[in-house]
Amino acid sequence: MFGRPGLYAGRRLFACLVEDALIVRLPAEAARAALQDGATPFERGGRPTREWVAYRGRAAGDARRLQPLLEVAARHMAEQASKAATPARRASRR
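Here the sequence shown stands for residues 1 to 94, numbered as in the numbering used here.
What the hints contain is simulated information worked out from the structure, not anything from laboratory work.
In this text the structure is predicted, and so the values were computed from the model without any measurement.
Worth double-checking, as some hints may not be accurate.
To be verified - Ranges between beta-carbon positions, derived for each pair: (1) Thr49 <-> Arg75: 17 to 23 Å; (2) Glu51 <-> Glu19: 30 to 36 Å; (3) Arg58 <-> Glu79: 18 to 24 Å; (4) Leu17 <-> Gly46: 18 to 24 Å; (5) Gly3 <-> Gln36: 16 to 22 Å; (6) Ala60 <-> Ala84: 34 to 40 Å; (7) Pro48 <-> Gln80: 28 to 34 Å; (8) Ala78 <-> Leu17: 16 to 22 Å; (9) Pro41 <-> Gln67: 20 to 26 Å; (10) Pro5 <-> Gly38: 30 to 36 Å; (11) Gly46 <-> Ser82: 18 to 24 Å; (12) Ala85 <-> Arg58: 37 to 43 Å; (13) Ala21 <-> Ser82: 17 to 23 Å; (14) Gly3 <-> Gln80: 21 to 27 Å.
We treat Cβ as the ideally placed atom computed from N, Cα and C, and that holds for glycine.
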């Protein structure tokens, strides 16, 4: 994303390093839970986004907490990519 390191599921970005944070795109429910667990909303243009949350961990324990969230985020984006590709596949078979 704009020359920054990122993690992708197919072509869909689900996590990215931005300044001093790792931002992660989660399903809406998981994002709300993450915000209650210490994440902060990722803001774009001064407005918080619904699915992107930011983590600013400083210790190894903080990094270990992210593993399950990154797995959820990757699965979510893979499902989104699959849903988006399905109509195109059907159209190409005609």
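So, going through the hints one by one against the coordinates:
1. Thr49 <-> Arg75: 17 to 23 Å: holds, 19 Å
2. Glu51 <-> Glu19: 30 to 36 Å: violated, 19 Å
3. Arg58 <-> Glu79: 18 to 24 Å: At roughly 32 Å between Cβ atoms, Glu79 and Arg58 fall outside 18 to 24 Å, so the hint is violated.
4. Leu17 <-> Gly46: 18 to 24 Å: holds, 21 Å
5. Gly3 <-> Gln36: 16 to 22 Å: With a Cβ separation near 32 Å, Gly3 and Gln36 fall outside 16 to 22 Å, so the hint is violated.
6. Ala60 <-> Ala84: 34 to 40 Å: holds, 36 Å
7. Pro48 <-> Gln80: 28 to 34 Å: violated, 20 Å
8. Ala78 <-> Leu17: 16 to 22 Å: Given about 21 Å between the Cβ atoms, the range holds.
9. Pro41 <-> Gln67: 20 to 26 Å: holds, 21 Å
10. Pro5 <-> Gly38: 30 to 36 Å: violated, 22 Å
11. Gly46 <-> Ser82: 18 to 24 Å: At 33 Å between Cβs, range violated.
12. Ala85 <-> Arg58: 37 to 43 Å: holds, 39 Å
13. Ala21 <-> Ser82: 17 to 23 Å: About 28 Å separates the Cβ atoms of Ala21 and Ser82, which means 17 to 23 Å is violated.
14. Gly3 <-> Gln80: 21 to 27 Å: holds, 23 Å
In this structure, the earlier hints numbered 2, 3, 5, 7, 10, 11 and 13 are contradicted, and the remaining ones agree with it.
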